[in-house]
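For the record, the sequence lines run as chains A and B.
Be aware that the first sequence starts at 1, since it is given in this note's numbering, and climbs by one per residue.
Be aware that the second sequence starts at 1001, since it is given in this note's numbering, and climbs by one per residue.
Think of the hints as simulated: they come from the structure by calculation, not from any bench.
Check the hints yourself; a few may be wrong.
[Stated by the list, open to error] The calculated DSSO-like cross-link candidates involving lysine-lysine, where the alpha carbons are at most 30 Å apart (straight line), are:
# : chain 1 : residue 1 : chain 2 : residue 2
1 : A       : K151      : B       : K1204
2 : B       : K1117     : A       : K112
3 : A       : K15       : B       : K1117
[What the hints assert, rightly or not] Only some residues are given here: those of chain B computed to face chain A with a beta carbon under 7 Å:
# : residue
4 : A1183
5 : D1187
6 : I1194
7 : L1200
8 : P1201
[What the hints assert, rightly or not] Pairwise CB distance ranges, derived in the manner of DEER restraints:
#  : chain 1 : residue 1 : chain 2 : residue 2 : range
9  : A       : L169      : B       : S1016     : 49 to 57 Å
10 : B       : S1016     : A       : N319      : 22 to 30 Å
11 : A       : E182      : B       : I1192     : 52 to 60 Å
12 : B       : S1016     : A       : R336      : 53 to 61 Å
13 : B       : F1222     : A       : T56       : 53 to 61 Å
14 : B       : A1106     : A       : V16       : 51 to 59 Å
15 : A       : V103      : B       : L1098     : 24 to 32 Å
Ideal placement from N, C-alpha and C gives every residue a C-beta, glycine not left out.
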Amino acid sequence: MATIKLENLTKKFNKVIAVNNVSLTIKDGEFIILLGPSGCGKTTTLLTIAGIYRPTGGAIYMNDTIMNDIPPRYRKIGMVFQNYALYPHMTVFENIAFPLRTVKDISKTDIKTKVEELADKMRIASLLERKPSELSGGQQQRVAIARALAKEPQILLFDEPLSNLDAKLRIIMRGELKRLQETLGITTVYVTHDQSEAMALADRVAVFNHGILQQIGSPEDIYYSPRNIFVAGFLGSPSMNFLSGTRLIKNEGTAYIEKEGKKLVEVPSKNLDKFENAPSEDLILGFRPEDCKIVPNDEIGIPGKIYLLEHLGREVVVNIEAFGNIFKVIADPESRFEKEQRVVLKLKPDRVHLFDSKTEAAVF
Amino acid sequence: MTKGEYYKIGFLQRNSSKIFNVTVYALLIVLSSPIVLAYAWLFLRSFSTGMAHGFIPTGLTFSNWRFMWEQISGLPNVWHVTFNTFILGGSVAGVVLLVSSMSGFALSRFAFKGQGKLLLLLLMLHAFPTVSLMVAIFYILRMTHLLNSLLGVILLRASMDIPWATWIIKGFYDGIPREIEWAGAIDGYSRISIWRKVLLPMVKPGLIVIAVFEFLSGWSEFIFITTFIFSNKWWTLSQYTYTALGGYRFADYGLLTAISVWYILPVTILFIFANKYMTQMSLGGIKG
């Protein structure tokens, strides 16, 4: 199969730097997701891997061969686009057969067998004579995947494949994609802006912002140990709560994070040595909505008052106003809270994140 | 709103569109009647011995159509002329299609310096009246030894129409998402085969429109024929009809109408077949 290596990959459009000095290695058979907001360079990176764009700087290797100037058709890749990019004038059969027709010495019966096999696999066998315009979004998606698989590519590329589907179908297709990739074991690069998709599908996630690779790691890594504020805020829904203007204080051998004289949370002693290379003033405290408890009163914690309750069935999102911010906290739907009620947010000390407000990098 | 009001509004809404349609059709019928009547008269006159009071056929005859099997003095063989006309129309359509299908693609897809200005210039070129160029064209044709040759007229007519056709087909290419080309590239095709196998079929409605209009453009070409063709060996039907009309020897309206009907007949047939694509174009291009 195939490995991919990007080495200081840079892509400029005139003066705009779309991808800035990105280096990453994708292992054979790995499912890697490029995640980030729109305009962050993830799609450009994907199209450069595909060979649609030529890198301005750096190099792309596939199986240790440099691919910078190799046209897409020699790269042994299959690609699925957001708008599916099916050929509207061809039937489903013709669409899937189209890549096969470039294979040397392939017979008509071989093409037919192969197309039917793929159609079976993607469960579109009954649609082969239809035109793409006669298919639903989900069916078009299946055709696009079948077409991408036709030439048995070494690498599969997906560009936001699920974002044109409705929410329910998206969850179904997400599962199917994951299963398909696991069965085929094809190295897969998948672009999305949907963090839950990334968490659900990826072996590893590469988070992009402003053309720069922010962090790469397993979904757990990225979620539990974000390297900077951007990554911390991009993953998770509701997203991480941030409180700026906090600092580190030490009191009788115990360290706390405090703001305006109020002790917010204890700092575990294992994290103290991380302050050697970081400031102890002007810090940003971060905590996830699920990593805290709402209590009526406590010495240590964030004091605030309940601003809004969002009942979501399985859970309730409690909005708490404190220090002029609104914090979102996930609570048990059984719990009885009322608006305007004064409460204290009790954070889990080992789940708290701290960021340097100047560099936005995580202290821990 | 009361129920009564509700129904009243419903009634107006349902019927106002009907009233509107009837009005529009009535207006269109009145406006187009002179043309329709003129063609009807032309057709009837070509098969009748004469017209009483100007519009009632007096008797059936085919003698008006004798130019098809007899030599008419002062006019060349009509079959030869018709053949020439087909050659002219077909070749103009062919040349324009060949060039514009490529130039339109280039203008749609490749960003280059001065692209916007070039597009504007293309439109301006089309706005120039052809007559103002006649002298210059004469010199060019003489230099290239294309005077008195059908090839010269073919190239002239094509060059006059290529800007327009390029503009039209560019619009069709613009409507094709880039991803389709990318998919073709990934599926294993070179740029030229993507253009041929994927893009050309997708802009087919545009190509058909251009083919029809350019065939017509060549079919009805008159000024270049009458100016740059000196031998009736290269005449086309426009010159043939003009000569028949203008020749002082003729006061034979039967013959003239028959020739006119012969001249417009192929065009009418072409339009009937191409109608589907023409209306598609006015809706603005490609359907997904």
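Outcome of the hint check:
no. : hint                              : result
1   : K151(A) with K1204(B)             : holds, 28 Å
2   : K1117(B) with K112(A)             : violated, 49 Å
3   : K15(A) with K1117(B)              : holds, 23 Å
4   : A1183                             : holds, 4 Å
5   : D1187                             : holds, 4 Å
6   : I1194                             : violated, 10 Å
7   : L1200                             : violated, 10 Å
8   : P1201                             : holds, 4 Å
9   : L169(A) with S1016(B): 49 to 57 Å : violated, 41 Å
10  : S1016(B) with N319(A): 22 to 30 Å : violated, 52 Å
11  : E182(A) with I1192(B): 52 to 60 Å : violated, 39 Å
12  : S1016(B) with R336(A): 53 to 61 Å : holds, 59 Å
13  : F1222(B) with T56(A): 53 to 61 Å  : holds, 56 Å
14  : A1106(B) with V16(A): 51 to 59 Å  : violated, 24 Å
15  : V103(A) with L1098(B): 24 to 32 Å : holds, 31 Å
Of the numbered hints listed earlier, those contradicted by the structure are 2, 6, 7, 9, 10, 11 and 14.
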